[in-house]
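Protein chains: 2
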Amino acid sequence: MSHARYLKKRVIATVVSLLFIIGALMLHTKVSLAADSDEELIKRAAKIFGQLPASMPSPDNPITPDKVKLGRVLFWEPRISIDRTVSCAKCHPVGLYTVDGLRKALGNHYKEIPRNSPTLFNAASQISEHWIGNRTSVEDQAKQALVGPPAYGMPNYESVEKILRGMSGYVALFKEAFPGEKEPITAENFAKAVGAFERTLVTPASFDDFLRGNARALTDQQKRGLTTFMDTGCMSCHFSPYLGGQMYQKFGVFEPYETLTKSQAVDEGRIAVTKNPTDRFVFKVPVLRNVAETPPYFHDGSVDKLADAVMIMAKVQLARDLTREQIGDIAAFLTSLTGKIPDAVLAVPVLPSEN
Amino acid sequence: MSHARYLKKRVIATVVSLLFIIGALMLHTKVSLAADSDEELIKRAAKIFGQLPASMPSPDNPITPDKVKLGRVLFWEPRISIDRTVSCAKCHPVGLYTVDGLRKALGNHYKEIPRNSPTLFNAASQISEHWIGNRTSVEDQAKQALVGPPAYGMPNYESVEKILRGMSGYVALFKEAFPGEKEPITAENFAKAVGAFERTLVTPASFDDFLRGNARALTDQQKRGLTTFMDTGCMSCHFSPYLGGQMYQKFGVFEPYETLTKSQAVDEGRIAVTKNPTDRFVFKVPVLRNVAETPPYFHDGSVDKLADAVMIMAKVQLARDLTREQIGDIAAFLTSLTGKIPDAVLAVPVLPSEN
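So the protein lines, in turn, are chains F and P. Heads up, the first sequence is in my numbering, so the first residue is 8 and it goes up one at a time. Heads up, the second sequence is in my numbering, so the first residue is 8 and it goes up one at a time.
Take the hints with a grain of salt, since some may be wrong.
You can't tell identical chains apart in this list, so a pair holds if it fits in one copy or across any two.
Straight-line C-alpha distance at most 25 Å; calculated PhoX-like pairs for lysine-lysine [unchecked claim]: (1) 169 to 312; (2) 182 to 269; (3) 282 to 257; (4) 111 to 169; (5) 118 to 76.
If you're looking for bench data, these hints aren't it; they were derived computationally from the structure.
Input sequences plus hints: build the corresponding full structure.
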């Protein structure tokens, strides 16, 4: 081998080695950048989701301790339903994150309620209530449930008021909650008390710690899931501190939802409320907080597993075929939205006596 | 007026005055005697009713904190029933003294359960469970409810075990409650855990303060009611610290019960269990603790008001027509049996996750 040839070989070897080292350094830098980008991820997520408020107030129904106290009692009260079996707690069992775990809820006389029971946690934050937005507020929902044929099923509001007025315990509680009113026991005030209680039901989770700057509040997989959640476009509907509840959207933008959900019947959604053809298959975007604890999924409870729900949503809403890994990451991220159930919800009040 | 005549008048006046004073003194003495007899009333009642124990242990199922903890969770668990709607808490709502307030309880698919739901409080003290004594213990009741067609309605115990084994939260809880067992998740252990929880459900009341010597724990009306309760013979069946649950008795000794209860159907009671003709119309004597808070009354929930139940019992069991006042007094006494609901019952546990 000539000296020139030897030198050339050495130069090439050195260059290759240098390139390898540079490559390795770049790879390392990339990893470091990923770690460093926690801050950026937090900044980006905070911009989209914002901070979770401590309660969900309404100018129409100020939250007062006495209203909340009464609302908590009424939440558990079945004796004001037509067959004495329906209370808020029936379709919203507190030990199960206020969902009943059924595809569709069951009201009086085992009547099927049209859609799946959503969790009450953080629900008062939404633009409207019910999957198709046919209730304007939690108060409106509570009041109308009393006379809803498949819900409490009472013939009219007077019959509810009469039962409540017959128990001295309620006379005292309503008087305290609505001081100065001549007749505090009304269906309207029932709704205000239950609504005030619901407006306190916020469930902070580890995701909120993360948004406040604690990078270690999420696992690496959850951080990847959060990134994928934002990159894929999930957050174009599931934004706000509640990750949803702020808009309506067609379910099945790119293909009919029922192909994947295997729904037994096709629900046309909000068109039933507005009669507007553009609202066919439109539903309110649900709040994703506590979603890992509130199966089954969708308006008809047609899907049991969180991972399946994630896969379906990406496909029918965003025309995206997520990989198994991406689905797992997003599902892991969603578990960071599982919050602490408020103690006041888990403590059952003793109900007023009938004797 | 002659002196003799005057003297005679004075003597008569003096005698009359003396008689009046003696009368007044006797009246006063009588009142004092009534007050003094509190002690005797306490002594007499304590002999009949005894002291309320702190729990209701069983050699077959020792109460341990870990079993009670698991039992409390299982108490609220509906996902092990055939339609995912039935839990112990369904027929035994804790805010209503663990009764559902229905004439007859409703199980899976709204199926009617044969008889009225009794309170679980102090129930483990009884010679048997269910109105006709067809369950040997609270454990036996809990276990059989799982496969009872109108109750949880599961096809067999294995199907319940399979659901529980599918939730990691239950795997951990059963392991803790039954340490050292190779397969802790069994229907038998479900029953033991729920039973252990139930064995803690004792509800001390103001009557217990009275029995311990505090004469002021009962009002005068309640004391009169207690006396009438004992004098009339109610305590010949409703004895023990639980005021019942210790024996069987024919319902309608002196006349058919249905004449007064206006029961829609005539339930022949325990004969269904024993096939013994002497058990026709025989039922277990119910525990009277918390009776004022657990309407409607009797095995078929046919009577709504406590006073009516008292009147009927005296008539058909003891051939006694109580006065309105006596009925009111006994009803007042019975309210002294309304106890404090244990905090552990009112606190709902968060149930294990399905995801």
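Evaluated hints:
1. 169 to 312: between (44 Å within a copy, 18 Å between copies)
2. 182 to 269: Classified as neither; 50 Å inside a copy, 38 Å across copies.
3. 282 to 257: within (15 Å within a copy, 64 Å between copies)
4. 111 to 169: between (30 Å within a copy, 24 Å between copies)
5. 118 to 76: neither (30 Å within a copy, 34 Å between copies)
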